[in-house]
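Enquirer: Residue numbers (my numbering), protein chains in the order written: chain Y, 689 to 1118; chain L, 18 to 333.
A portion of the hints provided could be inaccurate.
Said to hold, decoys possible - As a list, the in silico DSS-like pairs of lysine-lysine whose alpha-carbon atoms are at most 25 Å apart: (1) Y/1093 with Y/1113; (2) Y/751 with Y/1093; (3) L/104 with Y/751; (4) L/104 with Y/999.
It should be emphasised that the hints constitute simulated quantities derived from the structure, not laboratory data. Predicted model only: the values in this text are computed from it and were never measured.
What follows is the residue order along each chain.
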Amino acid sequence: MNEILLKNAIALDGSIIDVLIMESSVAQVGVGLETSGEIIDCGGLRLLPGFVDLHTHLREPGKENTETVLSGSQAAARGGFTAVSAMANTYPVADSAGVVEQVWRLGKSAGLCDVYPIGAVSAGLEGEKLAEIGAMAESAARVRVFSDDGKCVSDPLLMRRALEYVKSFGGVIAQHAQEPRLTIGAQMNEGSVASELGLAGWPAVAEESIVARDILIANAVQSRLHICHLSTRGSVEIVRWAKAQGMAVTAEVTPHHLLLTDESARTYDPIYKVNPPLRSMEDVLALRAALADGTIDIVATDHAPHSDEDKECEWASAAFGMVGLESALGIVVTTMIESGLMDWQRLAEVMSYAPAKIGGYEGQGEMLAVGAQANFVLVDPQSEWLVDREALLSRSRNTPFPGMKLTGEVIHTIYRGKVVLRNRKVLSYE
Amino acid sequence: MKNLLSINDLSHDEAISILDTAAELQKLTAGTVKKLPTLRGRTVANLFFEDSTRTRLSFEAAAKRLSADVINFSAKGSSVSKGESLKDTAQTLEAMGVDLFVLRHPASGAATSLAESGWVHAHIINAGDGTHEHPTQALLDSFTIRKHHGIGRNDFSGVKVAIVGDIAHSRVARSNVLLLKKLGADVTVIAPPTLIPHGIESWGVQHSYDFDEDLASFDVVMMLRVQLERMNDAYFPNGREYARGYGLDESRLHRLKKSAIVMHPGPMNRGLEISSASADSAQSVILEQVANGVIVRMAVLYRSLGGPDIASAGGL
C-alpha cells in the first residue's frame, strides 16, 4: 500500500502539522504521526492544496512542436498544479466529443495532473453556430467549461444561447472578452506607449464593453459566466458592480497581468506580446487589489506556448501569448504575498479552491481533511529563485520573465497520492 | 553612430552634428563632381519590404555619391507572408557581404528587432518602420527648416511648426515631433480627433482640431499625406470634407506668414491635403526637401559607416 507521511509542514493557519497519505487520499492529519512508508520532511515548507489552472493551452492535438499534453503536464507539476484545463483552440478544434476525449485520455496517460479539456462554444471557433456542447458534456471527458478563448464569442445571440444551453448540466461559459471591431489589427494596449511606438492600440473599452454586455446577458438568462484574463481597471469595476448585485459572474487574472506593463513593449521584443495586452501600472494595481478583495476570483495562467519561429520576428508578425505554468506561484507570491496584499489562505482560495469550484473539478481544491484527495503542493515561501528560460519543462521557451528573481518556490507536488514533483524534479517515465 | 533606428537614439548634439555634416557635404558636392570616394568598397543594401520608390532612390543616390556599392532587395507584403522573413532575408544579404542595411518595413519596430536580435552584425538605418518612425525624413526636414529659419543656430527655439494630417498613422510625424522637440521648436499637431493618436498627451506637443485657429502664427507648415483608405475605416467621411477642414488650399496659403515655408514628405495627394497652388507656390520647399534628402542620407550613411566628423575634420 502506498503510504506517504508529510512531516512538519506549515498549514494554512500557520500551525505545524503532519499529513498521512494512503493510496490517493488523506488518511490522517495531526502531529507526531508515524508511518512505515515514505517520509517527506516538510520542515519550513507551506502545505497548500494542489493548484488548479482554469486556463492553459496544451497545443495537442495539432501543434505538438510547441507543447503536448505530457510536456504541459510536466510543466504543471513543476508549477504545483494538480489540475489544468486545456483550451479548445487546437487543430482540430476541441468542438466535438472525439477531440475532448482524446485530450482527456492523453492527460490520463501522462498521469501527472488532471487534464480537463475545455470545449469550444462555437463550431470550429468560427463564432457562427454552437459546437456540440451536449456531446462534449456527456463524453468521457465530462466537459463543463466552454470557451472560444483566443477569440471572443462576439455575437450576442450566440453568447445568449450558449449561456442558456449549458444550464442543463451546470456548465459555464468562459468568455475571452474582446470586441473584434474595436481591435482590428490591435497589437498592444492603447495608450501613450502605443502612440509612441506606432503600434495599433487594443483599447480597454474593447474588453470592458463585452464584460458588461455578457454580465447582463448571463444575468438575464440566469446562467454562469466566467471572464477570462481580466486586464483593465474598468473591467474590475464592472465585475465589482455585478457581484454587488449578486450576479453569477466569476473572473480570472493571469500572473503576467499582475506584474508586467505595456512599458515592456518599448523593446519591440514580441516575448511581451500577449492577448489581452499588458496594460498600464494603474491597471496592474487595480487587478492586484481586486484579486485581494475577492472581485477577481482566481489566478489562471493562460499558459500559451509558442515556437521560437513564432516569436523571432517583428512584433506585428509574432504570435500572441506567453508560457506561465512554471512561474505562476512565484509571480503570485512576489506580487501579492510579499507586498502584503494577500495571505496564504487567500492564495489557496484563488489558485485552488475557487478554480476547482468554477470548473466543477471533483477531487480538486478540497479542504485538508481525512478522506480528501491527496492533491498537495509544498512551497518554500522564502526561497528566492531565478527563472531559467532554458530549464523550462514546457516545450516552448516564450517566458517573459527570464532571469527574473521571484520569491516562493514549488518544492514538491503530490497528485492523487503520487509524488509527481520531488525536490523540484518531475517524476519521469522512461 | 552605428545604427539609426529612432530619433531617440540621437542626442541634441549628435543631431546637430549630422545636420552640420550634411551642410559640409552639400558644399563639397555643389560643383560638377558630385561623387566622393568615401565609402568605396563598402556595400549598402536597400532592404525594402514595402513599396517606396522615392525613399529607395534617395538612399541609392546618397550611397552612390559616396562611392558605395548598392544592392536592392524589395518584397511586397505578399511575398513576406509566403515566408520571406526579415531574419532570413537580412542574414542572406549579410552573407553576401553587406555592411549596412537601409530597412523599410511595414511593421513598426522592425528596424529595432533587426538591430537588437543579434540576427545580423551590419549597421542598420531605419528608412521607415510601419507607423513608428522615419528618422532620416525628420533629419532632412530639420535640415530644410534650418536653412530657412535657423541659419547658424543649434536650436530652433521660437520656430513654430504645424504638422497637419494623419498624425496617428504617420511615421514622419513621430520622427519630426521627436527631433523638432529635441531642437527646441514649438510644435503643434493638427488633425481631426480620429487621426490624433490616443495617448498624444505624452508626446509633449500641443494638439489641435482646428487648422485655421493659429494659421498666421506658424513658421513651418508640414502637410502629411492622407491615405484615402482611411475613409473606409470611418476616420473621416470623405476627401472633400477632409480637404475643407485640413487641406492647405489657396485661401489658407494666403493667410500664412509670408516667411512661412510649406513642406510635404511626398508623395502628395494634390487637391486633398494640399492644393496645387500651395504645392507649387513660392513658399513651398517640397522639391528642396527631396534634394536635401539625398544630402542628409549621405551624412547619415557616412556617420554610420564610421567616417570622421566631416565638419570638425574640416572637410575630407
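Enquirer: Indicate, hint by hint, whether the structure satisfies it.
Expert: Status of the hints after comparison with the structure:
1. Y/1093 with Y/1113: Cα-Cα ~20 Å, so holds.
2. Y/751 with Y/1093: 31 Å, violated
3. L/104 with Y/751: Satisfied, since the Cα-Cα distance of roughly 23 Å is no more than 25 Å.
4. L/104 with Y/999: 12 Å, holds
In this structure, the one hint that does not hold is number 2.
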